[in-house]
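Protein chains in written order, with the numbering used here: chain A, 1 to 527; chain B, 1 to 527.
Among the clues, some could well be false.
One copy or two, either will do: identical chains are not told apart, so a pair holds if it fits within one copy or between any two.
Pairs of lysine to aspartate or glutamate, EDC-like flavour, derived with a Cα cap of 20 Å [to be verified]:
{"#": "1", "residue 1": "Lys239", "residue 2": "Glu196"}
{"#": "2", "residue 1": "Lys239", "residue 2": "Glu453"}
{"#": "3", "residue 1": "Lys317", "residue 2": "Glu65"}
{"#": "4", "residue 1": "Lys239", "residue 2": "Asp483"}
{"#": "5", "residue 1": "Lys239", "residue 2": "Glu259"}
{"#": "6", "residue 1": "Lys261", "residue 2": "Glu294"}
{"#": "7", "residue 1": "Lys261", "residue 2": "Glu472"}
Keep in mind the hints are simulated off the structure, nothing from the lab. On a predicted model such as this, the values are computed, not experimentally measured, just so you know.
2 protein chains.
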Amino acid sequence: MSDRISDPPFEAAASRFGAAGAAFEAQLETRLGELLERYLASPLVHPPHDAEAWAQHFTRAHLPETPAGLDDYLEALRANVIEPSTHVGSPRFLGHMTSELPSFLRPLAKLVTALNQNPVKVETANTVTPLERQTLAVMHRLIYGRNDAFYAARIQDPAQTLGLVTGGGTVANLSALWIARNNRLGPRNGFAGVREEGLPAALNQYGFEGAVVVGSALMHYSLDKSADVLGLGRRGLIKVPVDAQHRIDLEILRKTLDELKARRRCVLALVGIAGSTDSGSVDPLPELADLATEHGAHFHVDAAWGGAALCSDTHRKQLAGIERADSVTVDGHKQFYCPMGLGLLLLREPGAAASIASQAEYIIRAGSSDLGRRSLEGSRPAAVLYLHAILSLLGREGLGALIDRTYANARAFAARIEARPEFELLYPPRLNILLYRYVPKVYRSHARPLSPEATRAVSGFNLNLQETQRREGRTFVSRTSLDPARFGGGEAVLALRAVIANPLTQPADLDAVLEDQMRIGAALERA
Amino acid sequence: MSDRISDPPFEAAASRFGAAGAAFEAQLETRLGELLERYLASPLVHPPHDAEAWAQHFTRAHLPETPAGLDDYLEALRANVIEPSTHVGSPRFLGHMTSELPSFLRPLAKLVTALNQNPVKVETANTVTPLERQTLAVMHRLIYGRNDAFYAARIQDPAQTLGLVTGGGTVANLSALWIARNNRLGPRNGFAGVREEGLPAALNQYGFEGAVVVGSALMHYSLDKSADVLGLGRRGLIKVPVDAQHRIDLEILRKTLDELKARRRCVLALVGIAGSTDSGSVDPLPELADLATEHGAHFHVDAAWGGAALCSDTHRKQLAGIERADSVTVDGHKQFYCPMGLGLLLLREPGAAASIASQAEYIIRAGSSDLGRRSLEGSRPAAVLYLHAILSLLGREGLGALIDRTYANARAFAARIEARPEFELLYPPRLNILLYRYVPKVYRSHARPLSPEATRAVSGFNLNLQETQRREGRTFVSRTSLDPARFGGGEAVLALRAVIANPLTQPADLDAVLEDQMRIGAALERA
Numbered sequence: 001m002s003d004r005i006s007d008p009p010f011e012a013a014a015s016r017f018g019a020a021g022a023a024f025e026a027q028l029e030t031r032l033g034e035l036l037e038r039y040l041a042s043p044l045v046h047p048p049h050d051a052e053a054w055a056q057h058f059t060r061a062h063l064p065e066t067p068a069g070l071d072d073y074l075e076a077l078r079a080n081v082i083e084p085s086t087h088v089g090s091p092r093f094l095g096h097m098t099s100e101l102p103s104f105l106r107p108l109a110k111l112v113t114a115l116n117q118n119p120v121k122v123e124t125a126n127t128v129t130p131l132e133r134q135t136l137a138v139m140h141r142l143i144y145g146r147n148d149a150f151y152a153a154r155i156q157d158p159a160q161t162l163g164l165v166t167g168g169g170t171v172a173n174l175s176a177l178w179i180a181r182n183n184r185l186g187p188r189n190g191f192a193g194v195r196e197e198g199l200p201a202a203l204n205q206y207g208f209e210g211a212v213v214v215g216s217a218l219m220h221y222s223l224d225k226s227a228d229v230l231g232l233g234r235r236g237l238i239k240v241p242v243d244a245q246h247r248i249d250l251e252i253l254r255k256t257l258d259e260l261k262a263r264r265r266c267v268l269a270l271v272g273i274a275g276s277t278d279s280g281s282v283d284p285l286p287e288l289a290d291l292a293t294e295h296g297a298h299f300h301v302d303a304a305w306g307g308a309a310l311c312s313d314t315h316r317k318q319l320a321g322i323e324r325a326d327s328v329t330v331d332g333h334k335q336f337y338c339p340m341g342l343g344l345l346l347l348r349e350p351g352a353a354a355s356i357a358s359q360a361e362y363i364i365r366a367g368s369s370d371l372g373r374r375s376l377e378g379s380r381p382a383a384v385l386y387l388h389a390i391l392s393l394l395g396r397e398g399l400g401a402l403i404d405r406t407y408a409n410a411r412a413f414a415a416r417i418e419a420r421p422e423f424e425l426l427y428p429p430r431l432n433i434l435l436y437r438y439v440p441k442v443y444r445s446h447a448r449p450l451s452p453e454a455t456r457a458v459s460g461f462n463l464n465l466q467e468t469q470r471r472e473g474r475t476f477v478s479r480t481s482l483d484p485a486r487f488g489g490g491e492a493v494l495a496l497r498a499v500i501a502n503p504l505t506q507p508a509d510l511d512a513v514l515e516d517q518m519r520i521g522a523a524l525e526r527a
Numbered sequence: 001m002s003d004r005i006s007d008p009p010f011e012a013a014a015s016r017f018g019a020a021g022a023a024f025e026a027q028l029e030t031r032l033g034e035l036l037e038r039y040l041a042s043p044l045v046h047p048p049h050d051a052e053a054w055a056q057h058f059t060r061a062h063l064p065e066t067p068a069g070l071d072d073y074l075e076a077l078r079a080n081v082i083e084p085s086t087h088v089g090s091p092r093f094l095g096h097m098t099s100e101l102p103s104f105l106r107p108l109a110k111l112v113t114a115l116n117q118n119p120v121k122v123e124t125a126n127t128v129t130p131l132e133r134q135t136l137a138v139m140h141r142l143i144y145g146r147n148d149a150f151y152a153a154r155i156q157d158p159a160q161t162l163g164l165v166t167g168g169g170t171v172a173n174l175s176a177l178w179i180a181r182n183n184r185l186g187p188r189n190g191f192a193g194v195r196e197e198g199l200p201a202a203l204n205q206y207g208f209e210g211a212v213v214v215g216s217a218l219m220h221y222s223l224d225k226s227a228d229v230l231g232l233g234r235r236g237l238i239k240v241p242v243d244a245q246h247r248i249d250l251e252i253l254r255k256t257l258d259e260l261k262a263r264r265r266c267v268l269a270l271v272g273i274a275g276s277t278d279s280g281s282v283d284p285l286p287e288l289a290d291l292a293t294e295h296g297a298h299f300h301v302d303a304a305w306g307g308a309a310l311c312s313d314t315h316r317k318q319l320a321g322i323e324r325a326d327s328v329t330v331d332g333h334k335q336f337y338c339p340m341g342l343g344l345l346l347l348r349e350p351g352a353a354a355s356i357a358s359q360a361e362y363i364i365r366a367g368s369s370d371l372g373r374r375s376l377e378g379s380r381p382a383a384v385l386y387l388h389a390i391l392s393l394l395g396r397e398g399l400g401a402l403i404d405r406t407y408a409n410a411r412a413f414a415a416r417i418e419a420r421p422e423f424e425l426l427y428p429p430r431l432n433i434l435l436y437r438y439v440p441k442v443y444r445s446h447a448r449p450l451s452p453e454a455t456r457a458v459s460g461f462n463l464n465l466q467e468t469q470r471r472e473g474r475t476f477v478s479r480t481s482l483d484p485a486r487f488g489g490g491e492a493v494l495a496l497r498a499v500i501a502n503p504l505t506q507p508a509d510l511d512a513v514l515e516d517q518m519r520i521g522a523a524l525e526r527a
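Using the sequences and the hints, build the whole thing.
Have a look at this one:
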């Protein structure tokens, strides 16, 4: 290679690596910093937005032959990506499960990228592996509260799995059901188990007509996907209606479970929701735990959203019973203020994940500490460094205080809605999500529930309002649709959905969102 | 809230967000920068490493009650995470599929974290959504090379899916088989398809005794996991032996396929490997494409490693036939030099992913551009910004030149091995992975193949050598184990495995790795 002739394309590319790339890196850093500062300073959620016009900037499917210069690259990034981008950390973006994040995560992102550790195996994550195991133990303790001796014996024992770090809640939920399926239909009497033999053979071996997962109609759609992926079929996800408080209807659930038993269906798992995505409702976890025990089903709690309430002295009681779950999903990128995407699955029994174990010779060897031995994902980022930083630099007290503030803000928002005749509160905040709608003047005096015609008209109005608000980009709430049978007398009720996730949201921001909607609503009523 | 009494824990936590957190952020940035600079300057892969001693720094399962100060946090990070961490971008770390990355990715990591876009839905990724679609189209074109009109009609059409961005190759491979399964066993004659009805009912409906995926014994272990997760069972992944070049044995494959047909097994997919993880071998893709067509199977190519060769004028011919694949996995975090973790699945037919589609009312609505409609993962990071930057700032020419350099380095490394009597080349580099072993003096004159006893002894010696090298931390190669039946006369052959992925590796680094092994080998021979 010392005799290699000159290779200009290689020299050009290599000049963007390592020390040779330092000057380019520094320029990019400075100029991106300026762009970001301007972006973050804007009071808007985003500039008025025409999605079709935007997409026109991204219609050329050409891989550039030669490298772009810094100016051209940055200009394209500024005009097409950064400036028009939705500011999901805006205090007036009350529509999705995003928030302003601690600013210390940004230098940490550089660290994570520079170290580029891969926790799939110890050889590429020799320090991140024990850090990840420790962080999982801390989160396990937050849920299950076992004693020092329990953790001391398990925290760094590669044979034990206190939990998994995943790319998000979907993979955490899928992993939970995968573990449940593989444990329930495991090896016996010479049968090698569902992991080896597959689902049809396993059901046959165990004498079942089918296998299902049961939870409420408000289960996150990741569970539909999981039922599909795992071979149960989406119809194998049994959705029990909710009561008026959006909690699973226990009477119907009991009947459903008995009926499934009579029909020789194997209930692999019962799912409890601790913070539904639709409305933040929390299922009756202790009763679900009892029923899971009674039916020999794995009890999984999807606390992707609500899990952070465990940090709050005031609100953790809302999650009572979660410590009886066999597995719990919690999202780091939601109310633990980590960047996208970081999910966690915590396992009550540290041996439960043995049923999904893999090995491969060049990697994740049997007996090693390699975290990839028991996980769905393979190579993945050292995202646990963000969660570790959050836990260290905010502390339980700080996390609890942030949660308490967002929950208080949600109650303040609900009070403002109830104080204004333009709005009707449809679901008060149990955690920090609430549902409401704008009611055009002509319907304000109508008796509740509204007639089907009025429901349809009001839903159409709110759809229009939400889409206008979204397009204008000053403020944002999302929308959802309530079960027609349960809540709308056969008609879908369109609800405006506010997620008060940002602890920096101020009273003035709450007012601004409602005033924006009142302005739009009034204009639509005049139109 | 204006009347809220003082709340010191909230004020403390909030002071680490947004503008209030700027001073803390700046301090962290400066001090992490210093730590990183020192770390990256070290010529070692890592300091001499005692894994058990390390893990002792991570044995307390305590969530801190109050926030740590900057000094304490940084000191823990320095001592326990950064300084002892494996430098996976070291030019002498030749053991895994990591490399030094372009330094411009670090400021971009700050941007990705600050924007915190979530491509699951347009409302949280209004500019990243069309950028991701465009980037997928560029990668689709690199593989399939369709014309401008093809892409113009599809690049921003939400009904079309040119590919998926995933957290890594595992989810990409799983998604490919999920799509293959759902398409092959789809709805017909009133049967709602495997997605709705589940695998047992689908096999019954279609009259199959089972469903399998077929590929070579060198398939990545993510395919074993996929077969398990999808309900096929790990035995449903049929592993055909490889020939002397580590390519699937086509004669055995043909027989296997005929036999599966006779046994009424549905071959959901045939998998071709374009760069095996073990040795970089490439399967005969055109012949596999023919067989897949003949048997009505989905043809999936796992090019997680080798896909980047498509950027090289010299080496892209090694992947001829890939354009006939129904789906192709390519990893961004491998030879596209993106940070962990970024996988891609490209789909030849943009309608193929309809069989895995989801929807949910509060999110990913039917008819929307939401990328979460057809993906396994839900919330996830805007990692596509890294790939977009790589394609823009290196260009095809730059990427090709980097690939060419690593392939040339691999050949140079093989030549050095062949020139030294201490080593035996076991698998020459087809791409940029090669296998070899150290041969203790006493065995150098033995005829090949070695006797079973000699094979066992030499394998044990190399295990010891590799573990010593790893512990010392000066240089690194990994190891794997060759099929005993095919390569070792019934004994497992332990092979040292070099992955020459880092384009910054110099001739002196290649020499240093071999000299390190010769030093250790000689010491072990004396012991």
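So, going through the hints one by one against the coordinates:
no.: 1; hint: Lys239 <-> Glu196; result: between (29 Å within a copy, 14 Å between copies)
no.: 2; hint: Lys239 <-> Glu453; result: neither (28 Å within a copy, 61 Å between copies)
no.: 3; hint: Lys317 <-> Glu65; result: between (59 Å within a copy, 18 Å between copies)
no.: 4; hint: Lys239 <-> Asp483; result: within (12 Å within a copy, 48 Å between copies)
no.: 5; hint: Lys239 <-> Glu259; result: within (14 Å within a copy, 41 Å between copies)
no.: 6; hint: Lys261 <-> Glu294; result: within (12 Å within a copy, 44 Å between copies)
no.: 7; hint: Lys261 <-> Glu472; result: neither (53 Å within a copy, 59 Å between copies)
Hint compliance for this structure: hints 2 and 7 are not met, and every other hint is.
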